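Novice: Residues per chain are reported as follows:
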Amino acid sequence: MTVMSPVYILKRFCFMLMTLFCISIIIFFVTMILPGNVAQVILGEFATDDALHALEEQLGLNLPFYEQYGRWIWGVLHGDFGKALSMDQPIVPLLLFRLKNSAVLAFFSIIIVTFIAIPLGVYAALHRNKFSDRAIQVGSYIGISVPEFATASLLIIFFAGPVFNIFPSTGYVSIFDDPLRALMHIVLPVMTLVIVLIAHIMRQTRSEMIQVMQSDYIRSARLRGLSYHMVVYKHALRNALMPTITVLALDVGYLIGSVVVIEEVFAYPGIGRLLVYAVTSRDVPLLQATVLTVACVYCLVNFLADLAYGWVNPRIRYK
Amino acid sequence: MSRLFSIFSTLRRYPSAFVGSILVSCLLIVALLAPVLAPHDPLKLNPRERFAPPSIEHVMGTDEYGRDVFSRIIMGTQTSLGVGLSITVICAVVGGLIGLSSGYFGGRADELIMRIMDVLMAFPGILFALLILSMLGSSILNVILAISVTGIPKTARVARSACLNIRSEEFIEAARARGEKTWYILLMEILPNAVQPIIVEASIKVGFVILTASSLSFLGLGIQPPTPDWGLIVGDAREYIFEAPMLIVWPILAIAFTTISFNLLGDGLRDILDPKELGRV
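From first to last, the protein sequence lines are chains A and B.
According to our numbering, the first sequence is numbered sequentially starting from 1.
According to our numbering, the second sequence is numbered sequentially starting from 320.
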């Protein structure tokens with residue numbers, strides 16, 4: 001395989017930076033323009049006008065929009081998100097800790113999903129319209145129709161309830177302090193995430209695989225006398241997995257929504273829960289920081305997925 | 320009558336559309352007749368009957384305030400469908416108009432609008448919704464607004480690509496040569512020919528939108544109590560998850576039933592109309 005053109009990578013990279021720049025403006029704009037003034041949030045509803053003005057001046061809220069944005073983004077680029085209003089502590093260490101916890105969750109889920117969903121999808125495609133395919137189809141249909149909080153709640157009732165009290169329903173233990181208990185704590189959140197994602201990825205793999213298996217080059221490969229296994233695993237699978245990679249990446253946006261809900265249900269201290277906390281406590285600096293961080297992760301994953309897609313599919317490389 | 324029959328015979332050839340349309344009709348009927356169907360007032364507190372088990376009086380029992388769960392689930396149909404359908408309609412209308420005009424006018428404006436849509440799409444939907452809700456506060460209207468904003472870019476893209484396909488058709492040229500107004504061409508010539516993919520996209524979206532809205536309510540950031548809403552009921556019942564697990568199971572069944580119905584209908588419509596534009600977006 002030829003090496004990917006650096007121009008393409010650079011172009012995609014610049015596009016990502018541009019997108020992030022626009023997103024940062026949107027975040028700042030929305031949090032600053034919409035009602036719900038930061039000074040008001042800090043001082044409460046009954047603050048006097050004088051106190052509000054003083055604090056606004058101190059926080060630079062009376063400056064023009066572009067100057068406020070400039071100050072904020074300058075700090076962000078130097079790794080400084082400011083202080084969380086509601087906790088009175090710097091945001092960055094908190095953010096990193098939460099991000100790490102969420103990454104642990106996502107890492108285990110994605111590994112497990114890849115090893116379950118893709119083989120199941122391929123299996124369903126190769127046994128199209130047989131009973132096993134129908135069963136897999138119905139299962140995944142239910143999977144995409146049930147919200148995460150429902151799956152999570154049902155899992156808690158089953159596995160953490162009075163009947164089978166196997167796993168803890170909430171909380172978190174650092175993996176460095178007590179690996180076994182840490183794993184016990186993430187079993188249920190990971191299980192929920194896996195159930196949600198399996199349905200998506202399985203459906204995608206199945207439909208791509210069916211499409212590829214019907215294509216001319218698979219037929220001609222079979223006609224040339226290549227064995228069924230050879231055709232399936234060397235030719236079809238590879239081409240079916242390309243779009244699946246993109247869907248996996250697009251699913252990260254969906255995954256973020258799921259993570260927010262799941263972390264909240266299991267009281268798991270990840271970035272999703274931090275986001276909900278920032279929203280409910282109306283902590284604007286914390287909100288800006290978490291939203292921007294999550295958006296960064298999302299854009300980065302999309303960028304990497306694009307590269308991976310270009311790497312397996314040379315046709316789109318020079319577009 | 321014959322038209323109705325032809326719709327019916329088309330539906331019969333597509334089982335998922337057939338089942339989906341029946342289930343969705345049932346849901347719509349329940350939503351419209353909810354005040355009549357609900358045996359009790361869904362908001363009426365009854366502290367002496369907290370967590371009552373299912374009985375003839377209370378088919379699904381009562382909740383932590385002694386409210387009748389069955390009535391709350393029935394009334395929740397109204398909330399869920401109301402929110403879900405209004406978001407879908409807003410997305411279809413606003414996104415459709417943006418996409419159609421962007422595709423029709425082309426040039427710099429089109430370029431700019433589509434770049435903006437790209438950026439919005441590069442922003443995970445739930446984040447944007449949370450951002451808007453955190454600033455505007457949580458209420459039914461704000462939930463509708465927040466989720467609509469996140470859904471519009473996709474619809475705009477679908478509408479735009481449908482518009483591009485017919486923009487250079489002869490009947491459009493003819494209308495322009497006749498000296499028709501731009502709005503006339505857009506609404507009377509282009510829209511009827513581009514409406515199919517927009518409808519399909521909208522119908523696929525309903526289930527997803529209902530899920531998102533119920534997730535926001537569950538988090539306590541969407542619809543506020545005491546409005547009977549399925550996501551909210553699950554969120555409130557979390558405290559009593561082991562004492563009264565069925566309090567969580569009933570609304571979950573309702574949500575799953577609703578999304579499955581709408582997904583079946585959406586998938587079925589896509590199979591019937593088969594707009595290729597959707598695949599390209």
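FYI, nobody ran anything at the bench for these hints, they're computed from the structure.
Keep in mind that this is a model prediction, so the values were computed, not measured.
Keep in mind that a hint or two might mislead.
[Claimed, not checked] With a straight-line cut-off of 25 Å between C-alpha atoms, the simulated SDA-like cross-links for lysine to any residue are:
#1 Lys130/A x Gln214/A
#2 Lys11/A x Arg434/B
#3 Lys130/A x Ile591/B
#4 Lys130/A x Arg331/B
#5 Lys363/B x Arg557/B
#6 Lys11/A x Glu430/B
#7 Lys83/A x Pro93/A
#8 Lys130/A x Asp590/B
#9 Lys11/A x Gly426/B
#10 Lys83/A x Ile116/A
#11 Lys83/A x Ile451/B
#12 Lys11/A x Asp429/B
#13 Lys500/B x Glu488/B
#14 Lys83/A x Lys11/A
#15 Lys130/A x Ala47/A
Novice: So, for every hint listed, does it hold in this structure?
Specialist: Hint check:
For the given pair, lysine 130/A sits about 17 Å from glutamine 214/A by alpha-carbon distance, which is consistent with the 25 Å threshold. The hinted pair formed by lysine 11/A and arginine 434/B meets the criterion: a straight-line CA distance of about 15 Å does not exceed 25 Å. Distance restraint check for lysine 130/A and isoleucine 591/B: the Cα-Cα separation of roughly 23 Å lies within the 25 Å cut-off, and the hinted pair is therefore satisfied. Proposed proximity of lysine 130/A and arginine 331/B is supported: the alpha carbons are some 22 Å apart, at most 25 Å.
Among the hinted pairs, lysine 363/B with arginine 557/B is consistent with the structure: their alpha-carbon atoms are about 21 Å apart, no more than 25 Å. A hinted pair counts as satisfied when its Cα atoms are at most 25 Å apart, and lysine 11/A with glutamate 430/B qualifies at roughly 18 Å. Taken as a hint, the lysine 83/A and proline 93/A pair is honoured in the structure, with Cα atoms around 11 Å apart against an allowance of 25 Å. The hinted pair formed by lysine 130/A and aspartate 590/B meets the criterion: a straight-line CA distance of about 21 Å does not exceed 25 Å.
As the CA atoms of lysine 11/A and glycine 426/B are separated by approximately 22 Å, the hinted pair is consistent with the 25 Å bound. Proximity of lysine 83/A to isoleucine 116/A is assessed by CA-CA distance (about 42 Å); at most 25 Å being required, the pair is judged violated. For the proposed pair lysine 83/A and isoleucine 451/B, the alpha carbon gap of about 22 Å is at most 25 Å, so the pair holds. Restraint check for lysine 11/A and aspartate 429/B: the C-alpha separation of about 21 Å stays at or below 25 Å, so the hint holds.
Between lysine 500/B and glutamate 488/B, the direct Cα distance comes to roughly 17 Å. Compliance with the 25 Å bound is thereby established for this hinted pair. A threshold of 25 Å between alpha carbons decides the hint, and for lysine 83/A with lysine 11/A the separation of about 35 Å lies outside it, so the pair is violated. Among the hinted pairs, lysine 130/A with alanine 47/A is inconsistent with the structure: their alpha-carbon atoms are about 69 Å apart, more than 25 Å.
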